[in-house]
Structure formats: structure tokens, C-alpha cells
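Trainee: Work out the full structure: start from the sequences and follow the hints.
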Amino acid sequence: MKDVYIFAIESSCDETSASIIKNGEEEINTVILSQIDIHKKFGGVVPEIASRSHTENITIVIDECLKGANMKMEDMTAIAVTYGPGLAGALLIGVEAAKTLSLIYNKPLIAVNHIAGHIYANKLEHNLKFPLISLVISGGHTEIIYMEDDFSFKNIGGTLDDSVGEAYDKVARVIDVPYPGGPVIDKYAKKGKHTYNLPIPMDDESYNFSFSGIKSAVINLVHNEKQRGNEIDKYNLCTSFEDVVVEILTKKTMRAVKEYNVKQLLIAGGVSANSAIRERFSELCDKENVELLVPKLKYCTDNAAMIGSAAYKMYLKKQFASYDLRIMPTLELANKK
Amino acid sequence: MICLFLDTSLDNLLVYLLKDGKVIYEKNIQSLRDHSSHLVPSIKEAFDTTNISLKDLDKIFVGNGPGSFTGTRIGITVAKVLAYSLNIDIVPISSIQKFIYSVCGYDYYVPVLEDRKDMLYFSIFDKNKKRLIDDTYASRDEFLDYLKKYDGKIVIISDSDYENYDNHKKEVDVVNMINYIKDDKSVNPHSLKPNYIKKIEAESKL
Numbered sequence: 001m002k003d004v005y006i007f008a009i010e011s012s013c014d015e016t017s018a019s020i021i022k023n024g025e026e027e028i029n030t031v032i033l034s035q036i037d038i039h040k041k042f043g044g045v046v047p048e049i050a051s052r053s054h055t056e057n058i059t060i061v062i063d064e065c066l067k068g069a070n071m072k073m074e075d076m077t078a079i080a081v082t083y084g085p086g087l088a089g090a091l092l093i094g095v096e097a098a099k100t101l102s103l104i105y106n107k108p109l110i111a112v113n114h115i116a117g118h119i120y121a122n123k124l125e126h127n128l129k130f131p132l133i134s135l136v137i138s139g140g141h142t143e144i145i146y147m148e149d150d151f152s153f154k155n156i157g158g159t160l161d162d163s164v165g166e167a168y169d170k171v172a173r174v175i176d177v178p179y180p181g182g183p184v185i186d187k188y189a190k191k192g193k194h195t196y197n198l199p200i201p202m203d204d205e206s207y208n209f210s211f212s213g214i215k216s217a218v219i220n221l222v223h224n225e226k227q228r229g230n231e232i233d234k235y236n237l238c239t240s241f242e243d244v245v246v247e248i249l250t251k252k253t254m255r256a257v258k259e260y261n262v263k264q265l266l267i268a269g270g271v272s273a274n275s276a277i278r279e280r281f282s283e284l285c286d287k288e289n290v291e292l293l294v295p296k297l298k299y300c301t302d303n304a305a306m307i308g309s310a311a312y313k314m315y316l317k318k319q320f321a322s323y324d325l326r327i328m329p330t331l332e333l334a335n336k337k
Numbered sequence: 001m002i003c004l005f006l007d008t009s010l011d012n013l014l015v016y017l018l019k020d021g022k023v024i025y026e027k028n029i030q031s032l033r034d035h036s037s038h039l040v041p042s043i044k045e046a047f048d049t050t051n052i053s054l055k056d057l058d059k060i061f062v063g064n065g066p067g068s069f070t071g072t073r074i075g076i077t078v079a080k081v082l083a084y085s086l087n088i089d090i091v092p093i094s095s096i097q098k099f100i101y102s103v104c105g106y107d108y109y110v111p112v113l114e115d116r117k118d119m120l121y122f123s124i125f126d127k128n129k130k131r132l133i134d135d136t137y138a139s140r141d142e143f144l145d146y147l148k149k150y151d152g153k154i155v156i157i158s159d160s161d162y163e164n165y166d167n168h169k170k171e172v173d174v175v176n177m178i179n180y181i182k183d184d185k186s187v188n189p190h191s192l193k194p195n196y197i198k199k200i201e202a203e204s205k206l
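Taken in order, these protein sequences are the chains called D and Z. If you're matching positions, the first sequence starts at 1 in this note's numbering and goes up one per residue. If you're matching positions, the second sequence starts at 1 in this note's numbering and goes up one per residue.
The set of hints was computed from the structure by calculation and includes no laboratory data. Note that the Cβ used here is the ideal one computed from N, Cα and C, for glycine as well. The reader is advised that the hints may include incorrect statements.
To be verified - Result set (DSSO-like, lysine-lysine): computed pairs, CA atoms no more than 30 Å apart in a straight line:
1. Lys-55(Z) <-> Lys-2(D)
2. Lys-170(D) <-> Lys-199(Z)
3. Lys-199(Z) <-> Lys-2(D)
Unchecked claim - Just a few of them, taken from the derived set where beta-carbon distance is under 7 Å, the chain D residues facing chain Z:
4. Thr-59
5. Ile-60
6. Gly-89
7. Glu-96
8. Ala-97
9. Leu-103
10. Leu-333
What the hints assert, rightly or not - Okay, the calculated bits of chain D under chain Z, using three or more residues with CB under 8 Å as the criterion:
11. 45-51
12. 62-75
13. 319-331
Mentor: Below you can see the structure in the form of C-alpha cells.
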């Protein structure tokens, strides 16, 4: 078969990215323009600013991606783009750019689910063996997905309120850690001890999660300690918080791994960059003799390479989109069980 | 000479294809909040139905606001990618300026776009339709005060009626408009961005 080159675009949140992926696995070139420094001063992603920044950078990112690969758009087989879930105004920029490229160069348009992209980020480095369980953890998502085969997604559980990433960001704000708080909490947690008593959230028989309570528990704890005139030990608080989060994530995910008798566990999404989560899953998977796939750090956060990887499977199935494609800000990967 | 004019800043989606100054494809539909699903299909239709290849396009004119932030970005993004990919000239035009070309015989042309809470965008052009001020965001009172500085026959082009002035409806005469702006300087597609005018809330709170 002829080589398939997919030109992929991702703009669902605060990264403008373009990538060229060969045959679904080989990354030819990826450009990621992160807006993190712009959003930092606001303490979080401001959707209108993200949309403005995508608009200003979209053709620059496309151009750099082609030039870096020493390729032309004519060399591409198809154009892929994230159409949801994500921020509406941000998604629109990538989608309009991809539609226009598809029209100009007469290449099929592939509309990719962002979460499928995070899962298929693992395909850039490893072979997926089915059935598998994927834990998708990011600023917007916390879901356990069961996959019997390629592009067959069954949602067996997920968060009922905040995502893991949101919980990290909220705790970071309570203890005055700059945005984005996740990586800093991860670093602090390494230096502290589990001294604060926090409840394990939603410790039940379901595969669902709830992280809004843990945020309140941390706020109350900080408040009470202050009232007593006690100084909060940030390091110990981070360790205590992270321990509880890792405990519930691993407990439920590993139960799913056993119940569904899978060969692989895939961790995906921005929070999969967290070192404590990686280490704990690695220990548990070794014990259970299950293969653990965690993407390289550069594939954890939002990027177009993962979109190109997922799009390849859709290309083979000829799942193409038309030019009246609408963005789907609340798109789900699969129906909830 | 093949020109494409796009504007998605306001309620109506505008896609016009012109050949040697004549309109050969015209789409002017109300599609507020759904410009995204109509714009690229309309461009495809424009070229398909006229049997012209996108590769033959010489120049793009695009509305760059003021108006809906999201709407403006849709047209700007598509226009940027077209101009960059086809390596052709791109000329931005104010989304309110486009209304002055359906009126004539005045000393001053004043297009107005009403916004929320008695606020509006306006601009002023002279009798040769030369721009006198940048598009400006102001309250209705500030605007009417400002307008007193101008002596002569004034027409306000808007959706409402302003006392003591001649009023005209917002209409688009694309042929006349392109005649006036066809030699306007083109910009680098990479650096083209909407003219939002208004600051966003998060910024003004900093």
C-alpha cells in the first residue's frame, strides 16, 4: 500500500499544533505553540484569549510544520483536525483551517475526537494489544475507557464532577501555587510526607470518580489550620493530596483491568505526565503482569501528532467529514455505560 | 482578475466571487452562530458552479470586524489559510466600512454598528469615501457629540434612526466596494488578525 501522510491540526484548548504522521505511527514533524505564558497571568486558560492566539498563529504553525518536514501540502494524503471536545472558539480555528486546506488541496477531511487522540498518542511508540483499558486524565477529563478493538470505545466510568486536572489546579490556587499547578504540586509532593488526613473520594464499587469534595476538604483544612494559628506545610499537604488522588485512580483502574481481563493499560491525557501516577501504576502493573503504556512527556499534553495517529485508523475506514462539519465542544468518546 | 470577498463578522454570511469586477457568485444569508458550517461549503459552491479553479484566484478581501469575535475569526481564519496556501494577496476591510458603498451624494458617510447597552461602533468617511478616523467604540451620546464636529451633509448608515441626520439602511454593494478598495495594500496573511477594538473582560480586570 502507498504510504499515508496525514496532516493533523489540534487547537482544542491552549496549544496550537500541527503534525505530519506517516502511516499512523511515524512522526515526521510536529509543531506545538503553547500559550501557557499568556494564560499564566490570568491564573488559568481564558477562552477568548486562547481563540485570539490560535487565529494569530494558525498559518505560522502550519507553515513551520511543512517546512520542518521539508514537505508540501500536496504530499499529504488527508487532513485531520480535532472537532471536540474542547473550547468552542478554540476548536473553530483548527476546524476552519483544516476544512480550507482540504478544499484547496482536494484531500479528504477527517474529524477526530480529542480523547481518541490522547489514547492513540500511545500508538506513536507502541503497538496496541486488545482488549485494553485506557485511563484518560487531563484538565478536562477523567474517564476509564474499555477498548475491545481499534476505535471501539466503551466508557465504563468517569468523573461525576471535576476532572483530576481541575482538582490539581484548584488545590494549587488554595496554597498559592502559580498556574498550571499540577506539575508544581507533583514536585512539592516528592518533598513532603503524608501528614494531613484527607478522605479518599468516592471510594465505592463503581468506576466513577468525584474530585470536587477533595477540593473542599483541602480548603477546609487550610482554613481550620489558619484559624488555629498553625502554618500549613505546603509540601506535606501536596503529598497528602496526591496520595489520595493516586490511591483512588489506581484502585478503580486496576479493578477494571482485572475485571475486563485486559492485556494493556494505557494512561493518556495531560495528567499522565504526573510522576506519582506513573510510578504507582508501573508498580501495580508489574505485580499484575499487565503491560503499561504511558506516552512520552511530549505526547501527554495536547499535540497534533496524536490526532494524526488516531486519524490514520479513520482514514483506513474512510470515515471522512464534510465541509459543513460543526465543532462539538462537549463531544463524548463513547456513551456512558 | 478573480476576487473573493468573505465576511462573517456580523449576522449575515457573505461570500462573493468576482471576475473582472463583475459578481459571478453571490451568497448573502442570515446564518448567525452557524457561519462555520456554511462558509467553506459556500466557497466550494462559488468555484464549482462557476467552473473556476481555486488556483486561479488572484485576491481575497475579508471582513475583519468589528462584530462578533467568533464570527470574525471564522472568516479571517479561512481567508488566511487561502491566502497563505495559494500565495495571493489578502486585503482586510472593516465590516462596517462595507456599508458605505451603497450610498452616494454626501459629504460624510458614517457607518454605525449598535452593540449592547447603548454602545456602538462607528467610523467616518469623507465624500470620496476616504477614511477619516479608525473604527471607534463609544456610547451613543459620545458618538453624537463627536459627530457635531463635522459640518456638511452627513448620512448615518445603521439599523436604527438618528434624529437630525439622514439615515440609510445597511446594504452591501460589493461591485462598488471592490472598485474603491481594489488597490488597498495587501497584508501578510500570517500577521492578519481581526480588529476586535473592544478589550476582553479578563484583560480589563488585570
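Trainee: Does the structure break any of the earlier hints, and which numbers would those be?
Mentor: Failing hints, ascending: 3 and 10.
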